[in-house]
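So the sequence lines, in the order shown, correspond to chains L and Y.
Under our numbering, the first residue of the first sequence carries the number 1, and numbering increases by one thereafter.
Under our numbering, the first residue of the second sequence carries the number 1001, and numbering increases by one thereafter.
Which chain Y residues face chain L? A few, computed with CB under 7 Å, are given here:
{"#": "1", "residue": "N1013"}
{"#": "2", "residue": "L1025"}
{"#": "3", "residue": "N1026"}
{"#": "4", "residue": "N1060"}
{"#": "5", "residue": "S1066"}
{"#": "6", "residue": "L1154"}
{"#": "7", "residue": "K1159"}
Just so you know, the hints here were simulated from the structure itself, not pulled from any lab data.
All figures in this text were calculated on a predicted structure; none of them were measured in a lab.
Every residue gets a Cβ at the ideal spot worked out from N, C-alpha and C, and that includes glycine.
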Amino acid sequence: MGKTLAEKILSTKSGTDAKAGDIVVCGVDLVFVQDTTGPLTVRQFQEGHFPRLARPENTVVFLDHASPSPSSGFANDHLLLRQFSRAQGAVLSEVGDGISHQIIAERFAGPGDVIVGADSHTVTAGALGAFATGMGSSDIAVAMALGKTWLRVPETFKVSVSESFAPLVGAKDFILNLIGTLGADGATYKSLEFSGEALFNFNISDRLTISSMAVEAGAKVGIFPSDVVTMAFLDWRGRGKDYKALQADSDAEYERVLNIDLSQLEPMVAKPHTVDNVSPAGDVKGVKINQVFIGTCTNGRLTDLELAAKLIKGKKRHSDTRLIVAPASRDVYLSALKEGYIQTLVEAGATVTPPGCAACLGVHQGVLADGENCLSTANRNFQGRMGNPKSFIYLASTATAIATAIAGEIVDPREAI
Amino acid sequence: MKLQGRVFKFGANVDTDVIIPARYLNVSDPSELAKHVMEDADSSFVSKMKPGDIIMATTNFGCGSSREHAPLAIKAAGISCVVAKSFARIFLRNSINIGLPVLECEEAVDRTNPGDMLEIELEKGTIKNLSSGETFRAKAYPDFMLQLISAGGLIEYTKNKLKSAGKT
Chain L
1 MGKTLAEKIL
11 STKSGTDAKA
21 GDIVVCGVDL
31 VFVQDTTGPL
41 TVRQFQEGHF
51 PRLARPENTV
61 VFLDHASPSP
71 SSGFANDHLL
81 LRQFSRAQGA
91 VLSEVGDGIS
101 HQIIAERFAG
111 PGDVIVGADS
121 HTVTAGALGA
131 FATGMGSSDI
141 AVAMALGKTW
151 LRVPETFKVS
161 VSESFAPLVG
171 AKDFILNLIG
181 TLGADGATYK
191 SLEFSGEALF
201 NFNISDRLTI
211 SSMAVEAGAK
221 VGIFPSDVVT
231 MAFLDWRGRG
241 KDYKALQADS
251 DAEYERVLNI
261 DLSQLEPMVA
271 KPHTVDNVSP
281 AGDVKGVKIN
291 QVFIGTCTNG
301 RLTDLELAAK
311 LIKGKKRHSD
321 TRLIVAPASR
331 DVYLSALKEG
341 YIQTLVEAGA
351 TVTPPGCAAC
361 LGVHQGVLAD
371 GENCLSTANR
381 NFQGRMGNPK
391 SFIYLASTAT
401 AIATAIAGEI
411 VDPREAI
Chain Y
1001 MKLQGRVFKF
1011 GANVDTDVII
1021 PARYLNVSDP
1031 SELAKHVMED
1041 ADSSFVSKMK
1051 PGDIIMATTN
1061 FGCGSSREHA
1071 PLAIKAAGIS
1081 CVVAKSFARI
1091 FLRNSINIGL
1101 PVLECEEAVD
1111 RTNPGDMLEI
1121 ELEKGTIKNL
1131 SSGETFRAKA
1141 YPDFMLQLIS
1151 AGGLIEYTKN
1161 KLKSAGKT
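Same shape as in the complex, but just chain L:
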């Protein structure tokens, strides 16, 4: 019997013939923490009397969630993490460098890697063919100390795509639609494996958007096979040597197969307060929006800023709708500056916040007021996620977000632009 992508990667990394349901111990290629989970990880590391990092050069500490620090509490956490990184020789990604998942895509992840991080959106690196999954601080402290971790080999749902997207419909609409179909726990413990000839239609930005949200259906990983798109991206990043061929076997065993015709999809919105509460954008047309947020590991890339700038060029945000834009990384920011996208957005009334998680998790840079509605390109709309349990978050694509910022209310971008 053939193997799924998850089984292939975990077989190679554990040196066993891994099948779904097995528990394997395997080496990790990259282990990381960020500034909300890192301090607890450091304490667990010390609690375990672990002497040192197994592989300091493959251990990264990201200061991205509360960055620059909004309070003395977070500032002290940053201090602790800087001291730990220095003492242990870990790689430190500083304030302003950007979101862990974006930097991992740019600099570290490749097909066949096992990546574990103290952050649930670690799954993002599945876009490049990595088995990448989030864990808590104890698990990550142990992976840092031993250079390995234990994993239950997940069963796999194959998501096979055909045809291509209609204009102004894209990867975010695809994944919101899929989460709506599966439910917020529909893929719990599972691997989502993307497949089909039409994958060629997804560039790496699209794939990162899709993989980042696999966890919103409960999945352990969301993995793409490697192909020419992966190869071209790694070459562009100067990491051509990281490319490996990675394909599932044709006789692999799947728990469930879903077939999705991309041409049938339309702009989607996830309504408060769960990600699976989705409907077509047209069905929530007219909901007044106080703040539009474009950014995050899901939709803060150069392709997002490019699309946003092109759609809003020569127009202004609605006077009652704040527009906050956060580039996902320093590289994204620099490229967007060079291409003029940032200037266009600022001229249209946007506020640009530094590269990082920004307004997504509600500790700074765009906390909502009581009763306010936000339309965000992020991945989570949980109650209180953006810092106020009395506010409401809608999730959508960058195209829907920018069209909404112009209109001041939720619109279907195909009708508005």
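Since the structure of chain L is provided, determine the placement of chain Y on it from the hints.
Showing chain Y alone in chain L's frame:
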């Protein structure tokens, strides 16, 4: 070990932002975290619950972030056990790692009312509803996870392993 407590019941998809909001993530003292547990779902929860009480929920309890602060806050508040129809995977792993008892049992959730008294025997995986007299059996853990639980969590397990291998 026998646990006994009163049930506080919640619905589906109780996420980690509700269990402990991100604004408290720069706190790592468990007793401080405990003061804010479930705050965004029910601001009076902390004042109503007593040590030993039990959280019960339907599906996907603990979905969302990887923050270990979530099970730590629940444990430090004095909740003795969380019983749910299902758990999100990172939350389940984190709970076992830090020693918060969590049990999956659909039937018990369907047949328990808020305020009922439960008696739980972790080793046997039994959940007895003292208010109705019914007994339910929770889903068993894989052997490897049982080893982690009996070691007192992952950090202790690893510490012991390293010690016996002479590496610390």
